[in-house]
Amino acid sequence: MISVRAAGEAGQGVESSSAGFAKAMMRSGFHVFVLLDYHSRIRGGHNFATVRISTEPLWSHSEPVHILLALDEEAIPRHLSQIVPGGAIIYDENHQVNPETLGGDILAVPAPIIRIAREVGGKELMANTVAFAIAAGLMELPLEPIEGIIQENFRKKGSAVVASNLRVSRVAYEWARENYARRIPFHLTPRAMPGRMLMNGNEAFALGALLGGCKFVAGYPMTPGSPVLEWMAAHAARYGVVAMQVEDEIAALNMAVGAAYAGVRAMTTTSGGGFSLMVEALGLAGMTETPVVIYEAQRPGPSTGMATRTEQGDLLFVLHASQGEFPRIVLAPGTIEQAFETGWRAFNLAERYQCPVIVLSDHYLATSLRDVTQEALGLEKLEIDRGKLLSEAQLDALPEREYKRYAFTEDGISPRAVPGHPKGVYTVMSDEHDEMGHITEDPVNRRLMMEKRMRKLKLALNEMRPPSLYGPEEAEITFVGWGSTYGPLREAVDRLNAGGVKANMVHIVDVWPFPAEAVKNILSRARRLIAVENNYSGQMADLIRMMTGIEIKERILKYDGRPLSPEFIMKGV
Amino acid sequence: MGDVRDFYVPIRPTWCTGCGNFGIWNALKQALAQLDLKPHQVAVISGIGCGSKLPDYTYVNGFMGLHGRTLPLATGVKMANHELVVICTHGDGDAYAEGLGHMMHAARRNIGIVDIVQDNRVYGLTKGQFSPTSERGRISKTSPWGSIELPVNPLLVALAAGATFVARSWSGDVDHLTWLITEAIKHRGYALIDVLQPCVTFNRAQAYDFYRPRVYKLEEDPHYDPTNLNLAFQKAQEWDDRIPIGIFYRTEERPAYEEMMPALAFGPLVKQPLGQFSEEQIQKLMAEFV
Numbered sequence: 001m002i003s004v005r006a007a008g009e010a011g012q013g014v015e016s017s018s019a020g021f022a023k024a025m026m027r028s029g030f031h032v033f034v035l036l037d038y039h040s041r042i043r044g045g046h047n048f049a050t051v052r053i054s055t056e057p058l059w060s061h062s063e064p065v066h067i068l069l070a071l072d073e074e075a076i077p078r079h080l081s082q083i084v085p086g087g088a089i090i091y092d093e094n095h096q097v098n099p100e101t102l103g104g105d106i107l108a109v110p111a112p113i114i115r116i117a118r119e120v121g122g123k124e125l126m127a128n129t130v131a132f133a134i135a136a137g138l139m140e141l142p143l144e145p146i147e148g149i150i151q152e153n154f155r156k157k158g159s160a161v162v163a164s165n166l167r168v169s170r171v172a173y174e175w176a177r178e179n180y181a182r183r184i185p186f187h188l189t190p191r192a193m194p195g196r197m198l199m200n201g202n203e204a205f206a207l208g209a210l211l212g213g214c215k216f217v218a219g220y221p222m223t224p225g226s227p228v229l230e231w232m233a234a235h236a237a238r239y240g241v242v243a244m245q246v247e248d249e250i251a252a253l254n255m256a257v258g259a260a261y262a263g264v265r266a267m268t269t270t271s272g273g274g275f276s277l278m279v280e281a282l283g284l285a286g287m288t289e290t291p292v293v294i295y296e297a298q299r300p301g302p303s304t305g306m307a308t309r310t311e312q313g314d315l316l317f318v319l320h321a322s323q324g325e326f327p328r329i330v331l332a333p334g335t336i337e338q339a340f341e342t343g344w345r346a347f348n349l350a351e352r353y354q355c356p357v358i359v360l361s362d363h364y365l366a367t368s369l370r371d372v373t374q375e376a377l378g379l380e381k382l383e384i385d386r387g388k389l390l391s392e393a394q395l396d397a398l399p400e401r402e403y404k405r406y407a408f409t410e411d412g413i414s415p416r417a418v419p420g421h422p423k424g425v426y427t428v429m430s431d432e433h434d435e436m437g438h439i440t441e442d443p444v445n446r447r448l449m450m451e452k453r454m455r456k457l458k459l460a461l462n463e464m465r466p467p468s469l470y471g472p473e474e475a476e477i478t479f480v481g482w483g484s485t486y487g488p489l490r491e492a493v494d495r496l497n498a499g500g501v502k503a504n505m506v507h508i509v510d511v512w513p514f515p516a517e518a519v520k521n522i523l524s525r526a527r528r529l530i531a532v533e534n535n536y537s538g539q540m541a542d543l544i545r546m547m548t549g550i551e552i553k554e555r556i557l558k559y560d561g562r563p564l565s566p567e568f569i570m571k572g573v
Numbered sequence: 574m575g576d577v578r579d580f581y582v583p584i585r586p587t588w589c590t591g592c593g594n595f596g597i598w599n600a601l602k603q604a605l606a607q608l609d610l611k612p613h614q615v616a617v618i619s620g621i622g623c624g625s626k627l628p629d630y631t632y633v634n635g636f637m638g639l640h641g642r643t644l645p646l647a648t649g650v651k652m653a654n655h656e657l658v659v660i661c662t663h664g665d666g667d668a669y670a671e672g673l674g675h676m677m678h679a680a681r682r683n684i685g686i687v688d689i690v691q692d693n694r695v696y697g698l699t700k701g702q703f704s705p706t707s708e709r710g711r712i713s714k715t716s717p718w719g720s721i722e723l724p725v726n727p728l729l730v731a732l733a734a735g736a737t738f739v740a741r742s743w744s745g746d747v748d749h750l751t752w753l754i755t756e757a758i759k760h761r762g763y764a765l766i767d768v769l770q771p772c773v774t775f776n777r778a779q780a781y782d783f784y785r786p787r788v789y790k791l792e793e794d795p796h797y798d799p800t801n802l803n804l805a806f807q808k809a810q811e812w813d814d815r816i817p818i819g820i821f822y823r824t825e826e827r828p829a830y831e832e833m834m835p836a837l838a839f840g841p842l843v844k845q846p847l848g849q850f851s852e853e854q855i856q857k858l859m860a861e862f863v
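Chains A and B are the protein sequences, given in the same order.
For the first sequence, the positions run 1 to 573 when our numbering is used.
For the second sequence, the positions run 574 to 863 when our numbering is used.
Hints were generated in silico from the structure; no laboratory data involved.
Where hints are given, some of them may not hold.
[To be verified] Not close to chain A: a few residues of chain B, all C-beta gaps over 10 Å, as computed: (1) Gly575; (2) Thr590; (3) Asp629; (4) Trp718; (5) His760; (6) Phe806.
[Claimed, not checked] FRET-style restraints, in silico, Cβ to Cβ: (7) Arg827/B with Ser468/A: 51 to 61 Å; (8) Gln245/A with Gly591/B: 37 to 47 Å; (9) Glu473/A with Gln856/B: 51 to 61 Å.
Since the model is a prediction, treat every value here as computed from it, not as a measurement.
Even glycine gets a Cβ: it sits at the ideal position worked out from N, Cα and C.
Given only the sequences and the hints, what does the whole structure look like? Please build it.
Here you go:
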């Protein structure tokens, strides 16, 4: 297992070249995980990306770094403490670095990074290509997969750019082999591992949504949710989707409600700050029983918080947002596979229960890249269920002018017509309304209508996935997590067990309606419970207490804007 | 010519006797009938306010949404099914206070929505506070010494935002308003109709007796050219003893938003197949990640 970290200023291409390097490693037959760490600015500031490479499946990042690609001088003091003994630092030969200050057990590699970029490539901009090629040379990995990525990534910029990047990488790679071969102990042997895909949570969710029949998406750009809007926009023309960047989040959710009312699968993408603006329209979707999906990728708050950092601070907010009471469904995928599944499943749930569905992602899940197989995405499970949506034939059979959009039914779900059919004409009200949809303040109707709406939750609860248990059934420690903490938790559990500490984890994905009985069952079997969350107060632990009466006193919490790592969790035990 | 009775529902409006909303309501139904539209072909979207209750009193696909959010809601409806005739009916508070920004964006998008604003220049449902179109000095419960704000000129705002159809009528002349609505429905792109509407309870100073002697019709002026944007800007500033009504500006040169959206080239979204992708399409998507 090797972690390669590239660090430098924003604008140096750390993010894109790391993703390219990770893809090359994946194609060489390794599992990869990429963690991005960047500032909310276009140029300057210290950014880094860590590519973790392994022959074993990876679920998260990990703190130790084996090779540091220091693209500026600032990178070395910042990351030195995380470099393991035997590790290496690759930096430009012109940087003022005293190798003795690095510690005797770290290999200093002053490399002609800028020189090769300038002299061989003609542009200093290629420094990151040089640095990654040197890293590959150092690890004695084949260069071909990297060359393949260069060809693909620079194709649009013309054959001259491709050729110069290829030249640069070849020279840098050979330089490393000639001067530093066999100087570090980290080596991985490439092998065949077909059928891999590299994606992040945003992409996985967007892909799932598209294949799940999402036809309309409106949003206002906000990190880290907007890449979903961008991805949908990029595929909109070819796959028959309307993707709109609109004036604000208020408009975005109102538009999605309008589109869903008119009969298409519609969603909006945002982060907590944007969701704050959407709260009113969330209530509108609740009152009008309009199926709509809200993708909320959390970042630290309150207010503007930290735009490019991660946190799980919005759980209780999305559960309670809006005045009044109405059914909503909240899902918090924890892995790339779950993000993909949530992409289509959210629309099924929204249409089946005719209510808003909120998908809680976060910056960590949204932006971290991991390799997955197409099989693991479970395409064959993908189904489209539109719930009680009246078909053309059912509409034809309706009596004239008697369609009751909000008919009282046993399960609380009323058969839904969309505008356009002569028999399915009705009004929708943000006011309380009767079965036909007309405004009324009648107390009996209000009670029956509230009960009708809320009844849906009972049925939806049957569909909520119970928490998953990972690790040995019998354990001394049971971690409790939700959403994107899955990866770091899983790895912490594996490492603890490998080290002789029996631990397991309970992971909650379907958050609301809360699967209280299942959670109660699984938690009451545990000996020592520790809640692990990326927030200040332990919101899930509080929710569990509210819904089950089980109090989890021990809590490992992280709220510095950075994701939980396996090491952080293990230290907290 | 259709039948106006197609749009009747047996619910009596909660509007005051003499309310200008009756004229707007009647004109809308007549316009729909004149164009031979059926209730299921029309979606009337509104917000919150006295006038916004209109969809509840009309047999059409109706959606009463949130205060100020009428246009975004209608935009979503139009994008999902652009074969529907989408009409917004909302008051000056909804359209020009909370919703003014949305109006500018709808106008510059030129989305095919008819935007009828019931502009009575006062807040009726909340009992008489000044509105964004109230004149300076209007004394109300929230402006006891007279409003110190300049009123919004919706026509100027719409013109500045790039609206392709900008019109004004008044609810005392149902025939004129009916005609304007039919013209607006036939227009491709965003069409604003600001309707001077008497509020007989909270704005008696600007009721029927105020408007009747003042309004005159632009169509009757042989020198007025509604395709001339500069002229429209000039006319939109006229507000004194004479108040112009009619089409201030109209151009068909810009395509409607829905005509430019690539995904809608194959028909309304709602009629397109849902999630039916070929194996080739799916593999092409997957290949992006390999």
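Outcome of the hint check:
Gly575/B, annotated as away from the interface, keeps every beta carbon of chain A farther than 10 Å; the closest lies near 13 Å. Its beta-carbon lying about 20 Å from the closest one in chain A, Thr590/B satisfies the requirement of being farther than 10 Å from that chain. The claim that Asp629/B is not at the interface with chain A is violated, since a C-beta of that chain comes within 10 Å of its own (minimum 5 Å). Non-interface status of Trp718/B relative to chain A is upheld: no Cβ of that chain comes within 10 Å, the nearest being about 32 Å off.
Once the 10 Å rule is applied to beta carbons, His760/B is consistent with being away from chain A; the minimum gap is 20 Å. No beta-carbon of chain A comes within 10 Å of the beta-carbon of Phe806/B; the shortest separation is about 24 Å. Evaluation of the 51 to 61 Å hint for Arg827/B and Ser468/A yields a pass: the beta carbon distance comes to about 54 Å. In this structure, Gln245/A and Gly591/B meet the distance hint of 37 to 47 Å, their C-beta atoms being roughly 45 Å apart.
For Glu473/A paired with Gln856/B, a C-beta distance near 40 Å fails the hint of 51 to 61 Å.
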